[in-house]
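*Asks:* Once you have looked at the hints, place chain A on chain X.
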Amino acid sequence: MFSPLLLQSGESWCAYFQQGRDFALSSPERQGVAPDLAAVVAMKAGDQGALAELYDRYSSVVYAVALRVLGDAGAAEDVLQEVFLQLWRNPAGFDAARGSLGAWLAVISRNRAIDFLRRRRPDTDIEDVVLSVAPDLAAEADRSRAAEKIRGVLGTMPVPQRSALEMAYFEGMSHSEIASKTGEPLGTIKTRIRAGLMALRKAFQT
Amino acid sequence: MSGHEQFADDLALYALDALQGQERANLEQHLATCAACKRELEQLRGDTALLALSTLGPKPPQRARQRLLDAVAKEAPMTSRARLQGVPNHEVRTRSWWPWLGWAATAAVVLFAVSLGKENYELKRDLRLVSSILSQRTQDLEQARNLANSLTDPDSQHFTLVAMKTPPQPQGKAIYLRKRSSLIFMANNMPSLPSQKAYELWLIPMEGAPIPAGTFKPDAHGSATVINPPLPRGMHAKAFAITVENEAGAATPTMPIVMMGTGE
Numbered sequence: 001m002f003s004p005l006l007l008q009s010g011e012s013w014c015a016y017f018q019q020g021r022d023f024a025l026s027s028p029e030r031q032g033v034a035p036d037l038a039a040v041v042a043m044k045a046g047d048q049g050a051l052a053e054l055y056d057r058y059s060s061v062v063y064a065v066a067l068r069v070l071g072d073a074g075a076a077e078d079v080l081q082e083v084f085l086q087l088w089r090n091p092a093g094f095d096a097a098r099g100s101l102g103a104w105l106a107v108i109s110r111n112r113a114i115d116f117l118r119r120r121r122p123d124t125d126i127e128d129v130v131l132s133v134a135p136d137l138a139a140e141a142d143r144s145r146a147a148e149k150i151r152g153v154l155g156t157m158p159v160p161q162r163s164a165l166e167m168a169y170f171e172g173m174s175h176s177e178i179a180s181k182t183g184e185p186l187g188t189i190k191t192r193i194r195a196g197l198m199a200l201r202k203a204f205q206t
Numbered sequence: 001m002s003g004h005e006q007f008a009d010d011l012a013l014y015a016l017d018a019l020q021g022q023e024r025a026n027l028e029q030h031l032a033t034c035a036a037c038k039r040e041l042e043q044l045r046g047d048t049a050l051l052a053l054s055t056l057g058p059k060p061p062q063r064a065r066q067r068l069l070d071a072v073a074k075e076a077p078m079t080s081r082a083r084l085q086g087v088p089n090h091e092v093r094t095r096s097w098w099p100w101l102g103w104a105a106t107a108a109v110v111l112f113a114v115s116l117g118k119e120n121y122e123l124k125r126d127l128r129l130v131s132s133i134l135s136q137r138t139q140d141l142e143q144a145r146n147l148a149n150s151l152t153d154p155d156s157q158h159f160t161l162v163a164m165k166t167p168p169q170p171q172g173k174a175i176y177l178r179k180r181s182s183l184i185f186m187a188n189n190m191p192s193l194p195s196q197k198a199y200e201l202w203l204i205p206m207e208g209a210p211i212p213a214g215t216f217k218p219d220a221h222g223s224a225t226v227i228n229p230p231l232p233r234g235m236h237a238k239a240f241a242i243t244v245e246n247e248a249g250a251a252t253p254t255m256p257i258v259m260m261g262t263g264e
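Heads up: the protein sequence lines correspond to chains X and A, in order.
At position 135 of the first sequence (counting the first as 1) the number is 135 in my numbering, and the numbers step up by one without a gap.
At position 261 of the second sequence (counting the first as 1) the number is 261 in my numbering, and the numbers step up by one without a gap.
The shape of chain A in the complex, shown without the other chains:
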């Protein structure tokens, strides 16, 4: 018995799962209503089973039987009723790993990409934070530098105020912060010195020898500054003094002391 001739060829292909696309859709639509074609399809599928039979010969290995029975015994027992009703079980995980490997690899790649993305986000966030801290610090440094530069800039004007009718005298002011070992010293009206000589500033501690606190030469106006010379930490300063030394400075003061001042 054959169905409609126009679908005859398509039916044969369909039986082999070789029909695709629009032709397949058309045929399926036709099959929904045509009993004759359905019967022919049934026949054709039977014919394809003959193709399957042609392969007969090799036997499966013995262990396969036991493997199946073991797997079946391990299965969560379904109630007879459920089985008779045809409740489908979960999809089986077979030993065949090849298709699974593809999915597992994809999943692994996706997970890795996600973790990389997260790490990237965190790194960027940290970078932004560090950048903002850096810019703040840079600003602060800039301010401090400006302050220091103002004191020493040759264009800075120094004014010394003395009582009226008093000729200008050599004068020095030292501002010392013990906890930071920081020292700012300014002098004015200092007499100029021969070229190989310089004034040296000394920190006079509570006890012990005077400590070198930097050398300076007055400019044309007689002004000079010393800012934050290296000093031992946390020295208690009883007084500051100035002597005249060689340009390179000295480790111990050379008498006489030309200027001195105790704390205010």
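The following block holds chain X by itself, in its conformation from the complex:
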């Protein structure tokens, strides 16, 4: 039912990556990636212990997102299982040098959960998921601090802005769906969502 979630053809992927490689590797967040990198490499070689290590590190992220989207513990557990099994089966899909595994897992988890929520086949455009993220997600303590900070920002955000973000992210609604649900024009929804993301980004740039 779930198609392999990771990019099959590395070609265009790598070509793009060559451009940004040096830039990516020089980013400060790359230091936090080192332990992830080691574990992913070991996992690629078939080390089940390495998978367990990554699970211990990121299962709470994957589970929390899935649970928020689906609202059902059983279903969230299934998504958790699915995401890590796919990582195990196709570790080459994630290049640890390109981004944060934790953030990447969060994105995959959210997308899988939305697909499940909407009973649809996974969108195969998931592959080119490259992202750079400011907080280091590898360490749990850092994550909790970051989570609290983000919750704070969301709390102070104007309600229409926050709810537009949540509808798009946690309910997987398209901008036209949000527009018709709220009765607001498309342009307004677009601006709100962008503004919301900017607000979150700013909270971590200072």
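Calculated from the structure, these hints are not laboratory results.
Backbone N, C-alpha and C define an ideal beta-carbon position, used for all residues, glycine too.
Hints are supplied without guarantee of correctness; some may be wrong.
Stated by the list, open to error - With a cut-off of at most 30 angstroms between alpha-carbon atoms, the simulated DSS-like pairs for lysine-lysine come out as follows:
| # | chain 1 | residue 1 | chain 2 | residue 2 |
| --- | --- | --- | --- | --- |
| 1 | A | Lys38 | X | Lys202 |
| 2 | X | Lys44 | A | Lys38 |
| 3 | A | Lys217 | A | Lys165 |
| 4 | X | Lys44 | A | Lys59 |
| 5 | A | Lys217 | A | Lys179 |
| 6 | A | Lys197 | A | Lys217 |
| 7 | A | Lys165 | X | Lys149 |
| 8 | A | Lys173 | A | Lys74 |
| 9 | A | Lys217 | A | Lys238 |
| 10 | X | Lys202 | A | Lys59 |
| 11 | A | Lys74 | A | Lys59 |
| 12 | A | Lys197 | A | Lys238 |
| 13 | A | Lys238 | A | Lys179 |
| 14 | X | Lys202 | X | Lys181 |
| 15 | A | Lys38 | X | Lys149 |
| 16 | A | Lys38 | A | Lys74 |
| 17 | A | Lys74 | X | Lys44 |
| 18 | X | Lys202 | X | Lys149 |
| 19 | A | Lys173 | A | Lys118 |
As the list claims (entries may be wrong) - So the derived label-pair ranges between C-beta atoms look like this:
| # | chain 1 | residue 1 | chain 2 | residue 2 | range |
| --- | --- | --- | --- | --- | --- |
| 20 | X | Val41 | A | Gln62 | 38 to 48 angstroms |
| 21 | X | Ser163 | A | Gly57 | 13 to 23 angstroms |
| 22 | A | Asn120 | X | Pro160 | 57 to 67 angstroms |
| 23 | A | Asn120 | X | Ala73 | 29 to 39 angstroms |
| 24 | X | Asp142 | A | Ala107 | 12 to 22 angstroms |
| 25 | X | Pro160 | A | Phe112 | 32 to 42 angstroms |
| 26 | A | Arg63 | X | Thr188 | 24 to 34 angstroms |
| 27 | A | Ala25 | X | Gly183 | 24 to 34 angstroms |
| 28 | A | Asp70 | X | Lys181 | 34 to 44 angstroms |
| 29 | X | Thr188 | A | Ala71 | 38 to 48 angstroms |
| 30 | A | Gly57 | X | Lys181 | 24 to 34 angstroms |
| 31 | A | Phe112 | X | Gly152 | 31 to 41 angstroms |
| 32 | X | Gly152 | A | Trp98 | 30 to 40 angstroms |
| 33 | A | Val109 | X | Glu148 | 45 to 55 angstroms |
*Replies:* Here is chain A on its own, set in the frame of chain X:
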């Protein structure tokens, strides 16, 4: 760093998977060539990961860890080389049955419809066969009835041929088929009878008492027929005879015998 302003809003939506249709296609086309927008998209996706972080709190149940490790241990072992090359494995069947149920139900319905269709086809075919047999039988029955009716139809003309210069005599002909217990009897020139009386036909068996084979009254011309009266099965007929009885018929013949004939 922000990309082109015109795509700025769309990028944010795209990062959230909330952009669809023509706008999405346009943006993807633009992204294929614009490094700046790609970088911005990367940033925006990072921002969405922050949204994911906001959910942090609930922990997965303990058993989930073991469940994963069990599943991994059960997997057909891939060679290290294959894994490093990123050969994708088969699609996983997860415990989550809900989407699977939909497909399974659809498959079941399709299979059932196919089997119903097949059964329907076979039933129709059998019906056609039965119909054709029935129509053939009906035809045969029709023919047999016509034959019988011809013999007894009042409009039928009976001709009795006798040697020249011989006055007509009472005459009877019986055609008996033992294996079917079937009897056709025709009489002509029979004298008419008083109203409460009738002629009775008798089958004379090889041994034993005569067997009743139907009663008849001659018409205005003196003709009469008896066709397939009820008879015991397989009687050997030595002769046939006629007596005069009461209209209802008798179980044993009343003397005298007025006509008799043995087999030809």
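*Asks:* Please go over all the hints and tell whether each is borne out by the structure.
*Replies:* Now for the hints, and whether the structure bears them out:
no. : hint                                    : in the structure
1   : A:Lys38 x X:Lys202                      : holds (19 angstroms)
2   : X:Lys44 x A:Lys38                       : holds (28 angstroms)
3   : A:Lys217 x A:Lys165                     : holds (28 angstroms)
4   : X:Lys44 x A:Lys59                       : holds (26 angstroms)
5   : A:Lys217 x A:Lys179                     : holds (28 angstroms)
6   : A:Lys197 x A:Lys217                     : holds (8 angstroms)
7   : A:Lys165 x X:Lys149                     : violated (141 angstroms)
8   : A:Lys173 x A:Lys74                      : violated (96 angstroms)
9   : A:Lys217 x A:Lys238                     : holds (24 angstroms)
10  : X:Lys202 x A:Lys59                      : holds (28 angstroms)
11  : A:Lys74 x A:Lys59                       : holds (25 angstroms)
12  : A:Lys197 x A:Lys238                     : holds (26 angstroms)
13  : A:Lys238 x A:Lys179                     : holds (15 angstroms)
14  : X:Lys202 x X:Lys181                     : holds (28 angstroms)
15  : A:Lys38 x X:Lys149                      : holds (27 angstroms)
16  : A:Lys38 x A:Lys74                       : violated (40 angstroms)
17  : A:Lys74 x X:Lys44                       : holds (17 angstroms)
18  : X:Lys202 x X:Lys149                     : holds (12 angstroms)
19  : A:Lys173 x A:Lys118                     : violated (59 angstroms)
20  : X:Val41 x A:Gln62: 38 to 48 angstroms   : violated (28 angstroms)
21  : X:Ser163 x A:Gly57: 13 to 23 angstroms  : holds (20 angstroms)
22  : A:Asn120 x X:Pro160: 57 to 67 angstroms : holds (58 angstroms)
23  : A:Asn120 x X:Ala73: 29 to 39 angstroms  : violated (47 angstroms)
24  : X:Asp142 x A:Ala107: 12 to 22 angstroms : violated (48 angstroms)
25  : X:Pro160 x A:Phe112: 32 to 42 angstroms : violated (50 angstroms)
26  : A:Arg63 x X:Thr188: 24 to 34 angstroms  : violated (46 angstroms)
27  : A:Ala25 x X:Gly183: 24 to 34 angstroms  : holds (27 angstroms)
28  : A:Asp70 x X:Lys181: 34 to 44 angstroms  : holds (42 angstroms)
29  : X:Thr188 x A:Ala71: 38 to 48 angstroms  : holds (46 angstroms)
30  : A:Gly57 x X:Lys181: 24 to 34 angstroms  : holds (27 angstroms)
31  : A:Phe112 x X:Gly152: 31 to 41 angstroms : violated (56 angstroms)
32  : X:Gly152 x A:Trp98: 30 to 40 angstroms  : holds (36 angstroms)
33  : A:Val109 x X:Glu148: 45 to 55 angstroms : holds (50 angstroms)
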